[in-house]
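K.L.:
Each protein sequence line maps, in turn, to chains A and B.
Residues in the first sequence are numbered from 253 upward in steps of one, following this note's numbering.
Residues in the second sequence are numbered from 1123 upward in steps of one, following this note's numbering.
Just to be clear, a hint being listed does not mean it is correct.
As the list claims (entries may be wrong) - The calculated lysine-lysine pairs, modelled on DSS-like cross-linking and capped at a C-alpha distance of 27 Å, are: (1) Lys1176(B) <-> Lys1282(B); (2) Lys421(A) <-> Lys1176(B); (3) Lys1459(B) <-> Lys1448(B); (4) Lys1396(B) <-> Lys1343(B); (5) Lys365(A) <-> Lys1282(B); (6) Lys1469(B) <-> Lys1171(B); (7) Lys1438(B) <-> Lys1448(B); (8) Lys298(A) <-> Lys1378(B); (9) Lys1343(B) <-> Lys1171(B); (10) Lys365(A) <-> Lys298(A); (11) Lys1438(B) <-> Lys292(A); (12) Lys292(A) <-> Lys1512(B); (13) Lys298(A) <-> Lys281(A); (14) Lys365(A) <-> Lys292(A); (15) Lys1438(B) <-> Lys298(A); (16) Lys359(A) <-> Lys1396(B); (17) Lys1469(B) <-> Lys365(A); (18) Lys1282(B) <-> Lys1469(B); (19) Lys1448(B) <-> Lys1171(B); (20) Lys1469(B) <-> Lys1438(B); (21) Lys257(A) <-> Lys1378(B); (22) Lys1282(B) <-> Lys1298(B); (23) Lys359(A) <-> Lys1378(B); (24) Lys1396(B) <-> Lys1378(B); (25) Lys292(A) <-> Lys257(A); (26) Lys281(A) <-> Lys257(A); (27) Lys281(A) <-> Lys1396(B); (28) Lys1396(B) <-> Lys292(A); (29) Lys1282(B) <-> Lys281(A); (30) Lys1469(B) <-> Lys1459(B); (31) Lys365(A) <-> Lys281(A); (32) Lys257(A) <-> Lys1512(B); (33) Lys421(A) <-> Lys1343(B); (34) Lys1459(B) <-> Lys1282(B); (35) Lys1282(B) <-> Lys1396(B); (36) Lys1176(B) <-> Lys1469(B); (37) Lys365(A) <-> Lys1448(B); (38) Lys1512(B) <-> Lys1396(B); (39) Lys421(A) <-> Lys1378(B); (40) Lys439(A) <-> Lys421(A).
By construction, these hints were calculated from the structure, which means they are not laboratory data.
The model shown is predicted, which means the values in this text are computed figures rather than measured ones.
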Amino acid sequence: MDALKLCLQQHCPTCQIEEGEQLSIIIRKEDVLSIADLLKTHHDFKMDMLLDLCVVDYLHYGLSEWDIQNATEHGYGRAQAEPMGSSSTWNGPRFVVVCHLLSLVNKIRLRLKVYLDDSLVMPSLVNIWPSSNWYEREAYDLFGIRFENHPDLRRILTDYGFIGFPFRKDFPLVGHVEMRYDGLSEKCIYEPVSIENRVGVPKVIREDHRYINTEIES
Amino acid sequence: MSHDSHYTINFGPQHPAAHGVLRLILEMKGETVIDIVPHIGLLHRATEKLAESKPYIQSIGYMDRLCYVSMMCNEHAYVMAIEKMLGLEVPIRAEYIRVMFSEITRILNHLIWLAAHGLDLGAMSIFLYCFREREDLLDMYEAVSGARMHATYFRPGGVKQDLPLSMPQYKKSSWKTDAQLAKLNAARSGSLLDFIEDFTTRFPSCVDQYETLLTDNRVWKQRTVGIGVIDADRAKALGFTGHMLRSTGVAWDLRKVQPYSVYDQLDFDVPLGKNGDCYDRYLQRIHEMRQSNRIIQQCISWLRENPGPVLADDVKVVPPTRVDMKDDMEALIHHFKLYSEGLILPKGEVYSSVEHPKGEFGIYMVSDGANKPYRMKVRAAGWPHLSAIKELCQGHMLADVVTILSSMDIVLGEIDR
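Looking at chain A on its own, in the form it has when it is part of the complex (with noise of 0.2 Å):
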C-alpha cells in the first residue's frame, strides 16, 4: 500500500490521497479523464478493470433521527420521520461519485472519489473503462447524476417514466406515487401514496467513548 501511495504521490500531485481499509484518492472533475488514463495505462497501476462506480449523497450526514445530546433536558424524544438535525457534518460537496478500481496484473485496489460541483456533471469513463458504461446509467437514474459524453444516457433502474432521482436523500423511502389497476377506467393510475413512512429505529449517532476517534485505519 505504501508503494502505491508514493506512485500515486509521485504521479498525480494535485489529488489528495485517503488511507483507510483501502487507498483512495479524491480529485477534481477536469483532472478525471487524465487521471483515470494514467491509471489505466501506466505501469504502476495497470488499473485494467473498473469494478464499481456509485454515487453517495451526503445531503444528511451525520444527522441523526433522534437527539441523545439533549435528552436529560427535554426527556427522551419520541423518533421522527424526518431528520431533526439542521446541519450535517459533512463539508465537502453533496454529491460525490466513487470508483472502484481493480489491477489484475499488480492485484491492487484503489478508490477514486470524484468530487462534483452544482452543476452534477462529470465526464463520463466509457472511453477508457467501458464497463462503466450501465454504471454511469445507474447514477443518472438514482441520483440524477449527468455524465458528458455518454453513449446513451437512459435510466436503466426504474420504472418507465418515472420521475425523481430516488436514491437521493431527499426522496422520502416510500415515494411520492403508486399504482394500481383501475378496474373503472380499465388502466394502470398513478396516485399519491397512500401509506406514510415509518420509522422502526431511529437513526442514532453515540459519540461514546467507544467511537471517539475510532476512525479505522488499516
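The hints should help you fit chain B onto chain A, whose structure is shown.
P.N.:
Relative to chain A, chain B alone:
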C-alpha cells in the same frame, strides 16, 4: 444497411429462459441477432435504500434476496464489511463454518445453473438430477438456520449458532413404506456434519452422472462450443469477473489471489477456460463443483476436531446468551440495546468482496457513526455481464441468445437489487 428486412422481437419479461424478469428487445434479420436492448429494473426493490433505513443486522435478510440462489455468499460479503469496519476478529471455527457453507452455496448455485442451463438448451433430464442433489443441500441450510433459502445465518462476529448434533428425520406416513423411510433416513441418523460428509462422498459420482449426460453430448456441444466467445482483454475492459473472466484463461479467483476467511488454509484448484465460450464456462462450473466438494471435505475434518466458539466475544456486536441474561443485568442491557438500537459502526467507509459463485460480489459501505449504514452499494456480479449481452450475442442466432444469457448465470434479483 436497409432496415426493411429487420424486425424486432420482445423477449420477456415473462419468459422462462429470461432467468427472472428480464426484457430484451431483439432486432433481428431473419434468425440473426442484429441488436439487443436490455430493459432491466423490473425487480428493482431499492435494497440499498432500504438498508440505509434499517439497523445493520436487519439487512442481512435482504442480502439473501439479492442473488437468491447463492444466499450465504451474499451474507458473507455483508458481514465481512461490518467486521472490517469494527476491526472484529471472528473465531476460527466460525470462519470454517462460513467457508463450508459458502461452498455448499456454490454447489447449490451451480446446480441450479446447470439445471436451468440444460432446460434452456432443451435437456430436460439434467434438471431433475440437479434438483435431486439440491434437495439435500437445502436440508443442510434448514438444519443449520431453520430456513431452506433465506438463511440469515452469517452474523457480524460469526454465525448464528453452532452446527446441530442431530438431523431432522422423515416421519412415518401412509405414503412411504418402511423400506423407503429407512433409506431416506439412513444418512440422517447422526449430526449435520455426518449428513454433509455422506453427501460429499456421493456427490462426485453425481457430477459424473451429469457429465455423462452432457459433456460429450453432440447436441450439447453444437449448442455451446464457440457460442458467445469473448477474449481476455475485452472481458477485463467490460468488468467481467468470476467464470466469465476465467473462461478466457485469466487466473483470477479472489479465494486464491486475495484470500479472505480461511481460504488460504485450504487446498483446492481453480479451473480455467481457454476459448471463452459457453462450453468452457460449463466445464468450469462442473469442475468447480468438484473443487467445492473437496473444500467441504476439508472443512468437515477440521470442524470435527476443533470445537470452539462460533461468535466473537464482543458484547456490543454479539447478543448475549439466554443463560447469561437470566442472572446478569449487564447482559440484559446489552441484549436490549442491541435489539432496540442495533450495533454502531465507527465513521468511515469500507469495500469488502467475496468470490461469489457468479463473480466478484462486493459491498461498499459508508458509515457516519450511526446504527444504520449511511450509504450501501452492492456490486452485483452479474451486472457487468448482462451489460455486455449485446456484444456477446451480435451475429448469433436467436436460440443462442438463450444459451449466452444462461451461461452468464445472471439472477435479476441481484442485478436489479
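K.L.:
All the hints need checking, so say for each whether the structure fits it.
P.N.:
Structure-based check of all given hints:
1. Pair hint Lys1176(B) plus Lys1282(B) holds up; C-alpha atoms about 20 Å apart against a cutoff of 27 Å.
2. A hinted pair counts as satisfied when its Cα atoms are at most 27 Å apart, and Lys421(A) with Lys1176(B) qualifies at roughly 14 Å.
3. The hinted pair formed by Lys1459(B) and Lys1448(B) meets the criterion: a straight-line CA distance of about 16 Å does not exceed 27 Å.
4. Distance restraint check for Lys1396(B) and Lys1343(B): the Cα-Cα separation of roughly 15 Å lies within the 27 Å cut-off, and the hinted pair is therefore satisfied.
5. A hinted pair counts as satisfied when its Cα atoms are at most 27 Å apart, and Lys365(A) with Lys1282(B) does not qualify at roughly 36 Å.
6. Of the pairs offered as hints, the one joining Lys1469(B) and Lys1171(B) holds, with about 19 Å between alpha carbons and a cut-off of 27 Å not exceeded.
7. For the hint pairing Lys1438(B) with Lys1448(B), the CA-to-CA distance comes to about 18 Å; that is within 27 Å, so the pair holds.
8. Simply put, Lys298(A) and Lys1378(B) have alpha-carbon atoms about 20 Å apart, close enough for the 27 Å limit, and the pair holds.
9. With a C-alpha separation of about 44 Å, the suggested pair Lys1343(B) and Lys1171(B) falls outside the 27 Å cut-off, and the hint is violated.
10. With a CA separation close to 18 Å, the supplied pair Lys365(A) and Lys298(A) stays within the 27 Å bound.
11. Between Lys1438(B) and Lys292(A), the direct Cα distance comes to roughly 42 Å. Violation of the 27 Å bound is thereby established for this hinted pair.
12. Between Lys292(A) and Lys1512(B) the CA atoms are separated by roughly 25 Å; this keeps the pair inside 27 Å, and the hint holds.
13. As the CA atoms of Lys298(A) and Lys281(A) are separated by approximately 21 Å, the hinted pair is consistent with the 27 Å bound.
14. Between Lys365(A) and Lys292(A), the direct Cα distance comes to roughly 15 Å. Compliance with the 27 Å bound is thereby established for this hinted pair.
15. The straight-line distance between the Cα atoms of Lys1438(B) and Lys298(A) is roughly 41 Å, outside the 27 Å bound, and the hint therefore fails.
16. Between Lys359(A) and Lys1396(B) the CA atoms are separated by roughly 22 Å; this keeps the pair inside 27 Å, and the hint holds.
17. Our distance criterion of 27 Å between C-alpha atoms is met by Lys1469(B) and Lys365(A), whose separation comes to about 17 Å.
18. Taken as a hint, the Lys1282(B) and Lys1469(B) pair is honoured in the structure, with Cα atoms around 26 Å apart against an allowance of 27 Å.
19. Simply put, Lys1448(B) and Lys1171(B) have alpha-carbon atoms about 37 Å apart, too far for the 27 Å limit, and the pair is violated.
20. Proposed proximity of Lys1469(B) and Lys1438(B) is supported: the alpha carbons are some 16 Å apart, at most 27 Å.
21. In summary, the hint linking Lys257(A) to Lys1378(B) is supported, as the alpha carbons are separated by about 25 Å, within the 27 Å threshold.
22. This hinted pair does not check out: Lys1282(B) and Lys1298(B) have alpha carbons roughly 34 Å apart, beyond 27 Å.
23. Between Lys359(A) and Lys1378(B) the alpha-carbon distance is near 11 Å, which keeps this suggested pair within the 27 Å criterion.
24. Between Lys1396(B) and Lys1378(B) the alpha-carbon distance is near 19 Å, which keeps this suggested pair within the 27 Å criterion.
25. For the hint pairing Lys292(A) with Lys257(A), the CA-to-CA distance comes to about 16 Å; that is within 27 Å, so the pair holds.
26. For a cut-off of 27 Å, the pair hint linking Lys281(A) to Lys257(A) stands: about 21 Å separates their Cα positions.
27. Annotation: proposed proximity of Lys281(A) to Lys1396(B) is violated, straight-line Cα distance about 40 Å (limit 27 Å).
28. Our distance criterion of 27 Å between C-alpha atoms is met by Lys1396(B) and Lys292(A), whose separation comes to about 25 Å.
29. Annotation: proposed proximity of Lys1282(B) to Lys281(A) is violated, straight-line Cα distance about 45 Å (limit 27 Å).
30. In summary, the hint linking Lys1469(B) to Lys1459(B) is supported, as the alpha carbons are separated by about 20 Å, within the 27 Å threshold.
31. Between the alpha carbons of Lys365(A) and Lys281(A) the distance comes to roughly 9 Å, so the proposed pair stays at or under 27 Å and holds.
32. Between the alpha carbons of Lys257(A) and Lys1512(B) the distance comes to roughly 38 Å, so the proposed pair goes past 27 Å and is violated.
33. In summary, the hint linking Lys421(A) to Lys1343(B) is not supported, as the alpha carbons are separated by about 51 Å, beyond the 27 Å threshold.
34. For the given pair, Lys1459(B) sits about 18 Å from Lys1282(B) by alpha-carbon distance, which is consistent with the 27 Å threshold.
35. Only pairs whose Cα atoms come within 27 Å are accepted, and Lys1282(B) paired with Lys1396(B) is rejected, the gap being roughly 41 Å.
36. Using a Cα cut-off of 27 Å, the hinted pair Lys1176(B) and Lys1469(B) holds, with the two alpha carbons roughly 17 Å apart.
37. Using a Cα cut-off of 27 Å, the hinted pair Lys365(A) and Lys1448(B) is violated, with the two alpha carbons roughly 49 Å apart.
38. Between Lys1512(B) and Lys1396(B) the alpha-carbon distance is near 22 Å, which keeps this suggested pair within the 27 Å criterion.
39. Taking the CA atoms of Lys421(A) and Lys1378(B), the gap is about 38 Å. The hint is violated against a cut of 27 Å.
40. About 32 Å separates the Cα atoms of Lys439(A) and Lys421(A), which puts this hinted pair outside 27 Å; it is violated.
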